[in-house]
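Let the hints inform the model, and build the full structure from the sequences given.
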Amino acid sequence: MSRESEPAAPREPDLLPFWPHYVLSEFIAWYIVLGVLITLAALFPAGLEEKANALQTPEHVKPEWYFLAVYQFLKVASVFASLGSEAPRLTGILLPAIGMALLFFLPFLDRGPKRPARRRPLLLILTILILAVVIALTVWGQYS
Amino acid sequence: MLNPTRVSQGLLAWIEERIPVQAWIAASLHVTIPRSAHTFYLGGITLFCFVVQGTTGILLALYYQPTPETAYDSILVIMNQLNFGWLIRSVHAWSANLMIIFCILHLLRIVLQGAYKKPREITWLVGMGLLFLTLGFGFTGYLLPWDQRAFWATTVGTEIAGAVPFIGDFVRQFLRGGADVSAATLTRFFGVHVLVLPVALAGLLVLHLLLIHQQGLADPEGDENE
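First to last, the sequence lines map onto chains S and B. The first sequence begins at 391 in this note's numbering and counts up by one. The second sequence begins at 176 in this note's numbering and counts up by one.
FYI, nobody ran anything at the bench for these hints, they're computed from the structure. Some hints here could point you the wrong way.
[Claimed, not checked] Every beta carbon over 12 angstroms from chain B, so not counted as near; a handful from chain S, in silico: (1) V426; (2) W455; (3) V469.
[To be verified] Derived EDC-like pairs (lysine to aspartate or glutamate); straight-line CA-CA distance at most 20 angstroms: (4) B/K293 to B/E192; (5) S/K465 to B/D344; (6) S/K504 to B/E296; (7) S/K441 to B/D248; (8) S/K465 to S/E454; (9) S/K441 to S/E454; (10) B/K293 to S/D500; (11) S/K441 to B/D398; (12) S/K441 to B/E244.
Don't be surprised by glycine CBs; every beta carbon is placed ideally from N, CA and C.
Laid out in structure tokens, this is it:
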């Protein structure tokens, strides 16, 4: 029997107590993360470069890793130069901004009743595609 | 004769008579979650990272000096002279990165499980606000060590904001507190990092948790039926 063929009838979910079951496992997760943090900090302490000098630009200037995708996309957007002198700047900023706006309003754009991703193939494909592009841009930005 | 057990019981009863603390604790803990809900603890770990950031951040703020002349040297003191200063700063830096990673993983979990659907749209919007504030924390915090990497990453970052059509120049000036990254930039980034963002994030966080508590976790196997 495939789940898709069943009518979407409301059903009572099996319930677990939040306390102490879930709280205990959450605390175990926190304890592991604390261990990971201290290990990372001990093995790879936060670095410090030369003191800031406004007159001396370093060779490889990059933003933080979580802004690299947008930064790289802004650089790549120069391919739109044939559409006009302002086109690269506009697309380079506006496309990521529109993407963030769409993500922000996701609950109002996707109003279908189905929850699990395996029953929403379009959403699954879009998520994987966007994730792949963002990761690719980030890696590209890191090594360019 | 003072019996410690009786004194503490009496104190608890005295408080309970005035504010029902035990009832509040019971109401917040004694809830149920669907057996099929898999959170992978992602949101909770993000919360834990925020607690670590608050704790280590307060300790760093006791020694850090937010001026271009002294910032770099105060970081050197924290790293080389204070007991465990290097550990506190390194944990703060690592926890900042982990917090953003777990924010993103938490967001992906919510997307793939469809947990943002009715009636949880407001929780989603508040969560997006929390993500933006977390990125703001990263952006402002990165400048504070005032080394070459910090200075030029901020120069590039504010340059990206300056590419926004029409309002770009204003945004860049506003972020930098002038034409270039300078003492004014460091002062306002520090103020935003230690005052504005923590208050804003704590407020949204309380709202996020209240909404989750009110509505319970979404059942990923059940379709929207409320």
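Here is how each hint holds up against the structure:
{"no.": "1", "hint": "V426", "verdict": "violated (8 angstroms)"}
{"no.": "2", "hint": "W455", "verdict": "violated (8 angstroms)"}
{"no.": "3", "hint": "V469", "verdict": "holds (16 angstroms)"}
{"no.": "4", "hint": "B/K293 to B/E192", "verdict": "violated (39 angstroms)"}
{"no.": "5", "hint": "S/K465 to B/D344", "verdict": "holds (19 angstroms)"}
{"no.": "6", "hint": "S/K504 to B/E296", "verdict": "holds (15 angstroms)"}
{"no.": "7", "hint": "S/K441 to B/D248", "verdict": "holds (9 angstroms)"}
{"no.": "8", "hint": "S/K465 to S/E454", "verdict": "holds (16 angstroms)"}
{"no.": "9", "hint": "S/K441 to S/E454", "verdict": "holds (18 angstroms)"}
{"no.": "10", "hint": "B/K293 to S/D500", "verdict": "holds (10 angstroms)"}
{"no.": "11", "hint": "S/K441 to B/D398", "verdict": "violated (56 angstroms)"}
{"no.": "12", "hint": "S/K441 to B/E244", "verdict": "holds (10 angstroms)"}
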